[in-house]
Structures are given as structure tokens and as C-alpha cells.
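Protein chains: 2
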Amino acid sequence: MIIDCHGHYTTAPPQHDAWRKSQLAAFREGRPSPEYPAISDDEIRESIEQNQLRLLRERGADMTIFSPRASAMAHHEGDERVSIEWARACNDLIARVVGLFPETFIGVCQLPQSPGAELKASVAELERCVQMGFVGCNLNPDPSGGWWTSPPLTDRYWYPVYEKMTELDVPAMVHVSASCNPVFHATGAHYINADTTAFMQLIQGDLFADFPDLRLVIPHGGGAVPYHWGRYRGLADMLGKPPLSEHVMKNVFFDTCVYHQPGIDLLFRVIDPGNVLFGSEMVGAVRGIDPETGHYFDDTKRYVDAAALTDAQRAQVYEGNARRVYPRLDRALRAQGR
Amino acid sequence: MIIDCHGHYTTAPPQHDAWRKSQLAAFREGRPSPEYPAISDDEIRESIEQNQLRLLRERGADMTIFSPRASAMAHHEGDERVSIEWARACNDLIARVVGLFPETFIGVCQLPQSPGAELKASVAELERCVQMGFVGCNLNPDPSGGWWTSPPLTDRYWYPVYEKMTELDVPAMVHVSASCNPVFHATGAHYINADTTAFMQLIQGDLFADFPDLRLVIPHGGGAVPYHWGRYRGLADMLGKPPLSEHVMKNVFFDTCVYHQPGIDLLFRVIDPGNVLFGSEMVGAVRGIDPETGHYFDDTKRYVDAAALTDAQRAQVYEGNARRVYPRLDRALRAQGR
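So the protein sequences, as listed, match chains A and B.
The first sequence begins at 14 in this note's numbering and counts up one residue at a time.
The second sequence begins at 14 in this note's numbering and counts up one residue at a time.
A pair holds if it fits inside one copy or across any two, identical chains being indistinguishable in the list.
Below, simulated SDA-like cross-link-like pairs (lysine to any residue); rule was C-alpha separation at most 25 Å, straight line:
#  : residue 1 : residue 2
1  : Lys254    : Pro195
2  : Lys314    : Pro275
3  : Lys254    : Glu305
4  : Lys263    : Pro304
5  : Lys133    : Pro225
6  : Lys254    : Pro304
7  : Lys314    : Arg282
8  : Lys254    : His308
9  : Lys34     : Ala102
10 : Lys254    : Gly307
Don't read these hints as lab results, they were simulated from the structure.
Use the sequences and the hints to build the structure in full.
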């Protein structure tokens, strides 16, 4: 089977985003948040069937590890209370999608991070979501939205989340949200920079000595990392660290959200297929059709199909690695006889 | 001939860096800057002969477009006066190197940028350096050193430098300096992020409509851009921009500071060789030997030699493009009969 590890609910019914707007307006005006609106199962069903589900079928994948829209997490908006409410609303909506399409979607949660706030609420929300059947979380290394005011991911600030992740045996995708810094285009700079930055922090630190079972997925093909693999191998050496295969790559995985064949080919030329999870970020950052190929830029399955992989390696990338990195997904699939 | 477009004077005599330290100490204590120390020609000669010149010869390149150490520009330190003094000291030292080795080095200058300061002093220093024979400048898109407080490169804030560059017919390499934000490792994250960020800003804006002759070199192989070339083509399309070949790539060039063969192969698979300048950043970010090849990571000539290029394309990358992007270099070479 083919599991897409990176899908966001970018097509949620409009009431959901309208509520967020009114929630932020209420915050600014010092009023309590409005009540969350009614959204019918049919509305959710339609928003999925016409978008992600249709594209999954057209492209030939079987299921998606599904999380709230990343660019809308916007942890920099409001305060911690606002983020807690918003994360719950977003995650509850994902839970409803999974409830309606249990064979096609499984949940990954947004955390109620807030710049400068401790991670207690994130730990609680992760626990709540895993109890609802979620299999992982998205961890934002920059809740300030482009001002980068949090410490590196190797800092003890983040340890409460890592401890809970380890206890629950769930991975995190390291994924920033919107940028409110005008220098950084969200999907064209901030996302890719964050991936690159996170990887370099992991080289500099020694996080996996403290958390040998922690698993982090760095999306968008690992940012700039595979393209500059020689630079990272060399920097690890200069910093006196073990080879990347031992120091980082037992715990770090990249997805295949790289929107052209040469990029995917490079990815598999330098990164062990055991560290790569199929992902498309669909419907997401880049929605158009590539005039050079006539296919959607984000139809990454085409590139993976065309990559120089053995059948066994391709099966790892499409299924085996996801089941290994997200063991709760594996258990859910087994319970379905898959 | 083989021209390396990206070399920094990372091996300057120790008095130079010691003076910088005492300059910053004086600034903090409200004292005037100390006098710049005496550095003999022999000391400069030795610092070059044992390092850059030796490596150029060993690796088989002919000359380097040479600029002050990028990580030491540190525009975030002190104030504008401090940056003006430091840029002059650094550039004057480059001028001395070029004077001692006129067939091997040609200068590119550091600008006296300072967070929040207008660019008048940078314009003046650029003019002074070009009068000394320099052929380009390094432009720091983030003089705050990792806090990203300046506007995007397409903002009118930067126009005075672009106007002077156009008037003098010199390009800029877009190059950040050290990071004082602990999340960003300088050479492992900040450099690469800045390259990616700058390119995306150029997609979003329309800078080359205002400056059709402006030329920008984005170092480190263009950051993450070639690896994510499909993403950038798709984002340009989503933003309603012309194809990248028209919108950006008439004015933007990447170097070959990518420290492994697969990265260089990708670069040439997606980027027109007419947009790529040979560069090594030597002696620079990554100084070790790659255990997989037995050669220096930053011996990028080996990768370019092994890349799938025609002889004509390789000659462009090694020489023709540099002479075209840096016309004052071309003139200087012609005056030497080269």
C-alpha cells in the first residue's frame, strides 16, 4: 500500500477559518472567543471527497497521515489560551475526518505552542489527541512565525514534548507555520529554511543521546540538506561529531515533498531509502501543473515511481518506513487487517 | 583559464582580527577606535602563499575573486561608524593582497552595512573600492545577523546600492555574515537559508524590471533552490510571474559551492550552465577531507570536471560567465593580455 505521510487539511469548510478570524478579533478586543460553529458531516465529507480523496485516488495512493493546515497554525497569533483553543478546534476537525474516512486518513495533531510559553499545554494536547487515535504531531521550531525567538530544538526547553512523544511512541514532523516576517515567503523560504535549520541544530547537538528512540520527520525533502549533503557531512566532521548515519540518521527521516524528478533523484542518491517517507503535501504549497511534464508539481508519486529504487526500497518508502516511524499507524492498519 | 568567483580572506594575519576585537571593545567602552596595526607585505604574502595560493595551484585554478572573510563582516556588531571603519580595513587588506598577487586575486568588497542604517556609506565604500580596482561587492541581506530585521532585497531601501552597482557595472554576491541567533549555525543554516530566502524574494518581487542590468550571484549553489527547482517554478506560476528563465535568471547566477558530486550534478541538471559560476569558498566553511572520496570537500573543481557538461559549457562555468558577470574583471584580464 501507499501511505502519504504529509497531508494537511487545507480545504476545511469555510466556517472553520471564519471562526479563527472571529476568535482572533475577539482576542484583540479583549472579548471571550465566540462559540465554535456547527459543521455537518456532509460538509466535511464534501471538502475531502472533492479534494484530497479525489487526488489520492487519481494518483494511486491509499492513505494520508493527515494534520491541520500548517500555515494556519500561526502560533504567533494571540496568546497561549488562543493557541490552545485553536489547536483543539483544528485537531477535533481532523478527528472527524478520520472518523468519516477511517481507511484513508489517520491523524497527526497541531500543538498549542505560543512564543515564550512552556510546553505543558502541548504535552496535554498531544496526549488528548493520541487518546483519540492520532499517531504523531507537528512540532513548530519557530512559534514566533519568522522571528526565530525560541531556542534550538536540542535545548531542554523542548524536552517535555520529547518525553511525552517517547512515552507515547509517536514521532513529530518538524513543521513551521506562516511567516509574519516579510523577508520570508512561507512556503518558498520559511518552510525550507526551517527544515535546513532543524537538521543543522541536530548535527550541532546530541539530542538522540538523551532520546535514543525519538523520531523526527523533516519535511520538504529535508530542506536544503540532501543537496548540500557534502557540506553537512563535512560540518559534522569539523564539529567532532560521529558520521551522520550514526549521529542523526537513526532518528531523522525526510519526506518526498520535492516537486521535480531531478530533486527526488538526488534525494535517493544521497539518503538511504530507509530514511525517506513518501509525502506530497497535497493539497498544499504548490497546486499547479508543471508545463514541462503536464502533471501536477506535487504529484510526487510519479517521481518516486521513476526513481532508481529497487522494488523493496520503493515499498519501504511507500509503506514500510511510515509503519516503522509511526508505530500507532501500523497498529491501526493491522487492526483493519491491512 | 579557471576563475574561482568565491574566495574569502579567511587567513588574514592575526593583527587584523586582533584589531577588530580591540575596536569592538573600544566601542563598548565608549573610547575611540585604536590605530590599525602595521602588517608587513611579507606577512600578507605568507598568509596567502601557504593557503589560498597553494590550494589554487594544487587544485589547478588560476585566480580567485577575493573578498574579506564573510563571517567576520558581522554588520550587527557596533554601529555604522564601527562598520565603516571595519569595512575599510578589510577592503584595504584585500587591495594589498591584489597588489601583491595581481595575476591571481582580484577584489570584491565588504560593505559597511549596519542594521537600520541607510546605505549611503555602502554606496561610498563601493565607489572607493571600485576606484581601487575592485570588481564587485558582497551584499548582506540580513545585517542584523540572524534576526532578519531588514526589508526584502526587492524593497526600495536597497535601491541606492543597486543604482551605484548599475552605474559602476559591478555585480553583488548576496552573502550573509555570522549569526548571533543561536538557532542558526552560520555556515550550516544561516548561509544556506539566506540564499534560499533571497531567491524567493526575487521571485515575489519584480526587481529586474527596475534594474534590468543588475546582476546578483547567489552563493552556495543557490541555497536550496536547485534541489527544489520544481517548487520555485510552481510558486512563480502561482504568483502569476513569468517563467523563472525570464523573470529571474537573466540576472541571477549561482556558484558551485556544493560539496559533493550528486549536488553539483543536480545543479547542472536543472540550471542553465550560463547561470553558474565556478566557486569553492576556499579556504572556508568546510575544511576537511571527504572520507568517501579522499579529497577536500571544497575541492569543487573535481565535481565540475566530472559533471555532464560539454567543453564549451565547462569553459563558461570556469571563465566565460565570470568575465560576463564581472566585466571589470574581464577588462583587468584583457589589460594583462589574458
